[in-house]
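Going down the list, the sequences are from chains Y and L. Heads up, the first sequence is in the working numbering, so the first residue is 1 and it goes up one at a time. Heads up, the second sequence is in the working numbering, so the first residue is 1 and it goes up one at a time.
It should be emphasised that the hints constitute simulated quantities derived from the structure, not laboratory data. One thing to keep in mind: the hints can contain errors.
Here chain Y is said to cover these stretches of chain L; the calculated rule only asks that three of the stretch's residues, wherever they fall, bring their Cβ under 8 Å from a Cβ of chain Y [said to hold, decoys possible]: (1) 32-46; (2) 145-153; (3) 188-198.
These figures come from a predicted structure and were not determined experimentally. The beta carbon of each residue, even a glycine, is placed where N, CA and C say it ideally should be.
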Amino acid sequence: MKKDITCISCPLGCQLVVEKKNDDYIVTGNSCKNGIKYGIEEMTNPRRVLPTTIVIRGGLHPRLPVATSDAIPKGKIFDAMAIINQVVVDAPIQLGDVVVKDLLGTGIDVVATKSMPKVS
Amino acid sequence: MLYDIIILGGGPAGLAAAVEAYDEGAQNILILERDLELGGILNQCIHNGFGLHTFKEQLTGPEYAERYINQVKEKNIPYMLDTMVLELEDHGDTKIVHAINQEQGYMLLETKTAILTMGCRERTAGAIGIPGYRPSGVFTAGTAQRYINMEGYMVGKEVVILGSGDIGLIMARRMTLEGAKVKAVCEIMPYSNGLVRNIVQCLDDYDIPLKLSHTITFIDGKNRVEGVKVMQVDEHLKPIPGTEEYIPCDTVLLSVGLIPENEITRDADIAIDPRTNGPIVGELRQTDTPGFFACGNVVHVHDLVDYVSEESVLAGKGAAKYLRGELKTDANFETVNGEGISYVVPQHVCVDNLEQDLTFYMRVRNVYSDVVVNAVIGDEIIATKKSRKFLPAEMVNFKIKKEVLEKYPDGKITFRVDPKEAKK
Numbered sequence: 001m002k003k004d005i006t007c008i009s010c011p012l013g014c015q016l017v018v019e020k021k022n023d024d025y026i027v028t029g030n031s032c033k034n035g036i037k038y039g040i041e042e043m044t045n046p047r048r049v050l051p052t053t054i055v056i057r058g059g060l061h062p063r064l065p066v067a068t069s070d071a072i073p074k075g076k077i078f079d080a081m082a083i084i085n086q087v088v089v090d091a092p093i094q095l096g097d098v099v100v101k102d103l104l105g106t107g108i109d110v111v112a113t114k115s116m117p118k119v120s
Numbered sequence: 001m002l003y004d005i006i007i008l009g010g011g012p013a014g015l016a017a018a019v020e021a022y023d024e025g026a027q028n029i030l031i032l033e034r035d036l037e038l039g040g041i042l043n044q045c046i047h048n049g050f051g052l053h054t055f056k057e058q059l060t061g062p063e064y065a066e067r068y069i070n071q072v073k074e075k076n077i078p079y080m081l082d083t084m085v086l087e088l089e090d091h092g093d094t095k096i097v098h099a100i101n102q103e104q105g106y107m108l109l110e111t112k113t114a115i116l117t118m119g120c121r122e123r124t125a126g127a128i129g130i131p132g133y134r135p136s137g138v139f140t141a142g143t144a145q146r147y148i149n150m151e152g153y154m155v156g157k158e159v160v161i162l163g164s165g166d167i168g169l170i171m172a173r174r175m176t177l178e179g180a181k182v183k184a185v186c187e188i189m190p191y192s193n194g195l196v197r198n199i200v201q202c203l204d205d206y207d208i209p210l211k212l213s214h215t216i217t218f219i220d221g222k223n224r225v226e227g228v229k230v231m232q233v234d235e236h237l238k239p240i241p242g243t244e245e246y247i248p249c250d251t252v253l254l255s256v257g258l259i260p261e262n263e264i265t266r267d268a269d270i271a272i273d274p275r276t277n278g279p280i281v282g283e284l285r286q287t288d289t290p291g292f293f294a295c296g297n298v299v300h301v302h303d304l305v306d307y308v309s310e311e312s313v314l315a316g317k318g319a320a321k322y323l324r325g326e327l328k329t330d331a332n333f334e335t336v337n338g339e340g341i342s343y344v345v346p347q348h349v350c351v352d353n354l355e356q357d358l359t360f361y362m363r364v365r366n367v368y369s370d371v372v373v374n375a376v377i378g379d380e381i382i383a384t385k386k387s388r389k390f391l392p393a394e395m396v397n398f399k400i401k402k403e404v405l406e407k408y409p410d411g412k413i414t415f416r417v418d419p420k421e422a423k424k
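Same shape as in the complex, but just chain Y (with noise of 0.2 Å):
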């Protein structure tokens, strides 16, 4: 098996291509060690951070950005978006302060990327 993947892991965007040998994966097309650990998990394990908002009381504005603290799987984002999309948080809100635990079971947590000061 044999898949063409652009690689994302910084701006270059090295054209990988993943192929199976037996149990092995082999990785070309990448400029540094991050292609070939990319390549192998697109194949196999794709994953990405999930960056969105919930809604926030109290704060400057009425949303909060908040994303998940690590690559949760492709195919669990939009389950993911469901109960992120339930949580209301009051500020003050710290960066990284945790919003939802344990996402879906995948030990990553959701986390605040701002800080939202309380304004009366």
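Could you slot chain L onto chain Y? The hints should help.
Then chain L, alone, in the frame of chain Y:
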């Protein structure tokens, strides 16, 4: 009070310039920001991918901004929010900044130097003249981004995006995640204007079609957008009869380019480069009017904030050097865009002001592979930039060593795209 440096804009460029100027010993710095918080456009760019160069990790826009905001706060650099700069006056050693806000009213602020970091704004529907009615539901991608990410309004349910700039691509994903159906991204050029990783992560991941060499030729709907007519274009970008396709939708997002915001700059008679639509700058981002510096998207539109920060450090250094009376003014080199290059920043270089190597930023005019970018003085190639691929969407940063520049007599440095074998 006479300030040392007033910085016009508290976005990524202004913040990085402020921090660097402070570290270089400048006192009495003031940042003027028109929004209600520091951080500029990064506040609405909630997606990740920022900071790979600067911090070697993937940050979201707000996280990247907060790192710089925290530094500004730790150093107690003063800033005024909700404050709009209206005009700049140059009186040689003193500049006067006209600014206004609700608390202090109309202010005339005196300063020795000013750093222009006003950023850029989006081209609008009017700028590209799409025929049709003017229904609601037509937004620039960045406006939609602010509505959704900061203000909590969903702008539409069925979307067609015109232009494949990065904000358009990012918004295609964002709208999809929030439950909208993005039916197509139309790009008039035969290649995308967005970064490769955004095409992969924002379109391919969600099976959103990217229609290259296609444009919207009509927006239908009287009160609200009801659909768009999309046509294929030929090599002269003219719509090809017979290729019409009607796509029903309630929203059109435009991602058709950014324009540096230089009204204040022009009014102050600071020279503008028609290639970049930004001020002409030197190696430390000094403009042609002594005491005025500029950096970030107001100088030229960057695709990565990391490069904005990098450039803004130069402006901060430059302003501090100027205040110490150490900034040399005689430029040795003028930069010229040769074959295949649309612009080069900085436009001139004074080698004596360099502490180390100098990075030249430029864009190529077309998609190229099997080429190099050469820096040429006279007939001699002084440096070569290699890459497997050069894309108009990805700014080329071309570093040349100070020692190399020192070897050549004053004159012009031409940057040009050459076939690979032309290099000796």
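Three or more residues of the stretch 32-46 of chain L near chain Y by CB distance under 8 Å?
With 4 residues close enough to chain Y, the hint holds.
So is the stretch 188-198 of chain L in contact with chain Y by the C-beta rule, three or more residues under 8 Å, or is the coverage claim wrong?
Since 3 is at least three, the answer is holds.
State whether the coverage of the stretch 145-153 of chain L by chain Y holds or is violated, taking the criterion as 3 or more residues with Cβ-Cβ distances under 8 Å.
With 5 residues in contact (Cβ-Cβ under 8 Å with chain Y), the coverage given for the stretch 145-153 of chain L holds.
Hint check: no violations occur; every hint is consistent with the structure.
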